[in-house]
Amino acid sequence: MVGETSQTIVVAGGSLAGHTVVTELERHGFAGQIVWVRGREGTAPYSRPALSKELIQGKVTAETIRLPVPQPYGPRVRIMDGAVCAGLDPHADRVLVTQPDLSERWIDFDALFVCTGTQARVPEAFAGLPGVHSLRTLADAERIKDRLAVRPRTVVVGAGLVGSEMAASLRSCGLPVELIVQGQLPMEAVFGAELGRFCLERHHANGVTTRLGATVTALTAEGPVTLTYDDGESSTADMVVLGLGAVTSCDWLDGCGLDLSDGLGCDEALRTARPNILAAGDVANWRHPLFGHRMRVEHWSNASAQARHAVESWLAGQEGRQPPAFADVPYFWSDQYGLKYQMVGHARGHDEVHVEEAGTGGYPFVTYLRGGRIVAAAGVNAPRAVMRMKARIQADLAGDPTSEEVYAR
Amino acid sequence: MKLSVDRTLCDGNGVCMGIAPDVFDIDDDLNLHIADEIPDDPAVQAQVRQSVTSCPVLALTLEE
Ligand SMILES: Cc1cc2nc3c(=O)[nH]c(=O)nc-3n(C[C@H](O)[C@H](O)[C@H](O)COP(=O)(O)OP(=O)(O)OC[C@H]3O[C@@H](n4cnc5c(N)ncnc54)[C@H](O)[C@@H]3O)c2cc1C
Ligand code: SF4
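If you read the sequences in order, they're chains B and V. Start counting the first sequence at 1; every next residue gets the next number (our numbering). Start counting the second sequence at 1001; every next residue gets the next number (our numbering).
For the record, the hints were derived by calculation from the structure and aren't laboratory data. Accuracy of the hints is not assured; some may be wrong.
As the list claims (entries may be wrong) - Within a straight-line C-alpha distance of at most 20 Å, the following computed SDA-like cross-link-like pairs (lysine to any residue) qualify:
#1 B:390 x V:1005
#2 B:59 x B:129
#3 B:59 x B:122
#4 V:1002 x B:142
#5 V:1002 x B:27
#6 B:59 x V:1030
#7 B:59 x V:1043
#8 B:390 x V:1064
To be verified - Each pair of labels, with its calculated beta carbon distance range:
#9 B:59 x V:1027: 17 to 25 Å
#10 V:1046 x B:143: 34 to 42 Å
#11 V:1046 x B:78: 19 to 27 Å
#12 V:1022 x B:322: 22 to 30 Å
#13 V:1027 x B:70: 40 to 48 Å
#14 V:1006 x B:128: 50 to 58 Å
#15 B:206 x V:1061: 49 to 57 Å
#16 B:66 x V:1037: 39 to 47 Å
#17 B:79 x V:1009: 39 to 47 Å
#18 B:108 x V:1037: 40 to 48 Å
To be verified - Every beta carbon over 12 Å from chain V, so not counted as near; a handful from chain B, in silico:
#19 31
#20 67
#21 236
#22 353
Don't be surprised by glycine CBs; every beta carbon is placed ideally from N, CA and C.
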């Protein structure tokens, strides 16, 4: 048992990070009450990565992607589906919660876990147009999926992770797909030029047409959607999917005095300037002790690891211990045309890359260095090679002279 | 702890291997291998539980 029966913890956010905070508090036997405000989506937590992969391709359904609940929630967990946190009192430990019927109430807390993640970035001028979709939620994915039967000609705008993956999944469903790339290569911002080029070749080999170096300046939706580009050219489509990145969901914290410069700013232990308010997942911006700079990571494994860590940090504080720093090396994967792209580390600010081949497919394997130290590595269908780099990155960044040996293992 | 994987679901995305590298391994054909014995170490067991709840395709099952 930890905590007091009189304590209340509010968990804001009903996706992986929020879910993991609740299950971890339960696992530790937290004695107090947990109020879990799950957000407007109004659904039980589900696997978001499956949306642009298995769900779109019809391999799974909404019912089969619900996240598992290790044990039924105890009687002291109060789930508020469809409710959102709408404000935080700058001077007192209480949050304003808006229920689905729009009634509002303040809830006092002893601790607050902010796990409100991100939402799709949709320019105002493109919002709500018929035939134009973004992809963040299960409802978004189902709306897109419902249209696939008529085999719409599709334009995917944006070639980051979600855009590239959507182009691949829709193409794998047999749809004609054009991919609009703002820069010269897809996924270049994450992977750099070498893997970006590889990714572009895969799109072409699979029959996706691409428009490089193009920005959409206008969208009109009368019947088919017309897209106008910055060079004056245009194209038409039956369906447009926007993959323009994500923005953090922390407007509700505006004016509460916390650091909101990019997500919710935390210390190394994931606590905000108010130590009983912690953050985890896509929304959390913290200083990574190994990389030595602040970062925010929008990937699945990070949300689960940070949530667990934030609970540890809070418990440490309760027990008068120094809360540990969160030092996990980021990881993500992406599925495109049956290939598995994987990356460990954080390539920001890298000034050197090494390209070799790895895995049975002989695909490119890239190592990213900053100031002579390895900060990230990425490969295609080479999980062992990628994962092995995790220990190497940790050792390298920690300035460990044996990092070469760690790698050799 | 008895851990099993549904191979029709597992796509080798490596989330579990990232969390519990001593228990999960994925080969270059993206097949998952689970250690025969899960170490009797509470830290590793916590990693295993977290892998089960974090598997993005819900392929892992744990009987404690
Ligand atoms: C299509 C798609 C594919 C992806 N694929 C991959 C992948 O292959 N690999 C990978 O590593 N990552 C992938 N990701 C990223 C991954 O899904 C996220 O990193 C992860 O979902 C983050 O979890 P989270 O709990 O931090 O936040 P989110 O998943 O963003 O959830 C935030 C939650 O908070 C709720 N909420 C928002 N505002 C409020 C409020 N004011 N009050 C209460 N609740 C609120 C929302 O309704 C939601 O439930 C993908 C993401 C998308 C959209
Ligand atoms: S996390 Fe799940 S899908 Fe991914 S490799 Fe492990 S068992 Fe397979």
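Here is how each hint holds up against the structure:
Among the hinted pairs, residue 390 (chain B) with residue 1005 (chain V) is inconsistent with the structure: their alpha-carbon atoms are about 24 Å apart, more than 20 Å. With a C-alpha separation of about 28 Å, the suggested pair residue 59 (chain B) and residue 129 (chain B) falls outside the 20 Å cut-off, and the hint is violated. Among the hinted pairs, residue 59 (chain B) with residue 122 (chain B) is inconsistent with the structure: their alpha-carbon atoms are about 28 Å apart, more than 20 Å. Restraint check: the Cα-Cα separation between residue 1002 (chain V) and residue 142 (chain B) comes to about 35 Å, which exceeds 20 Å; the hinted pair is violated.
Distance check on the hinted pair: residue 1002 (chain V) and residue 27 (chain B) sit about 18 Å apart at the alpha-carbon level, within 20 Å; holds. The suggested pairing of residue 59 (chain B) with residue 1030 (chain V) holds, with an alpha-carbon distance near 18 Å, which does not exceed 20 Å. At roughly 34 Å between alpha-carbon atoms, residue 59 (chain B) and residue 1043 (chain V) are farther apart than 20 Å, so this suggested pair is violated. Restraint check: the Cα-Cα separation between residue 390 (chain B) and residue 1064 (chain V) comes to about 29 Å, which exceeds 20 Å; the hinted pair is violated.
In this structure the hint that residue 59 (chain B) and residue 1027 (chain V) lie 17 to 25 Å apart at CB holds, the actual value being about 22 Å. In this structure, residue 1046 (chain V) and residue 143 (chain B) meet the distance hint of 34 to 42 Å, their C-beta atoms being roughly 38 Å apart. Between residue 1046 (chain V) and residue 78 (chain B) the Cβ separation comes to about 26 Å, which falls inside the hinted range of 19 to 27 Å. Range check, residue 1022 (chain V) to residue 322 (chain B): about 27 Å between beta-carbon atoms, so the 22 to 30 Å window is met.
Restraint check, residue 1027 (chain V) to residue 70 (chain B): a C-beta distance of roughly 28 Å breaks the suggested window 40 to 48 Å. Judged by the Cβ atoms, the range 50 to 58 Å given for residue 1006 (chain V) and residue 128 (chain B) is violated: they are separated by roughly 40 Å. For the hinted restraint 49 to 57 Å between residue 206 (chain B) and residue 1061 (chain V), the CB-CB distance of approximately 34 Å leaves it violated. In this structure the supplied range 39 to 47 Å is violated for residue 66 (chain B) paired with residue 1037 (chain V), their Cβ-Cβ distance being about 30 Å.
Judged by the Cβ atoms, the range 39 to 47 Å given for residue 79 (chain B) and residue 1009 (chain V) is violated: they are separated by roughly 26 Å. A C-beta distance of roughly 47 Å is found between residue 108 (chain B) and residue 1037 (chain V), which places it inside the suggested range of 40 to 48 Å. Every CB of chain V is more than 12 Å from the CB of residue 31 (chain B) (nearest about 20 Å), matching its label as outside the interface. Under the 12 Å C-beta cut-off, the non-interface status given to residue 67 (chain B) relative to chain V is violated; the minimum distance is some 7 Å.
No beta-carbon of chain V is positioned within 12 Å of the beta-carbon of residue 236 (chain B); the least distance is around 35 Å. No Cβ of chain V approaches the Cβ of residue 353 (chain B) within 12 Å, the least distance being about 22 Å, so the stated non-interface status holds.
Violated hints, listed in ascending order, are 1, 2, 3, 4, 7, 8, 13, 14, 15, 16, 17, 20; each of the other numbered hints is respected by the structure.
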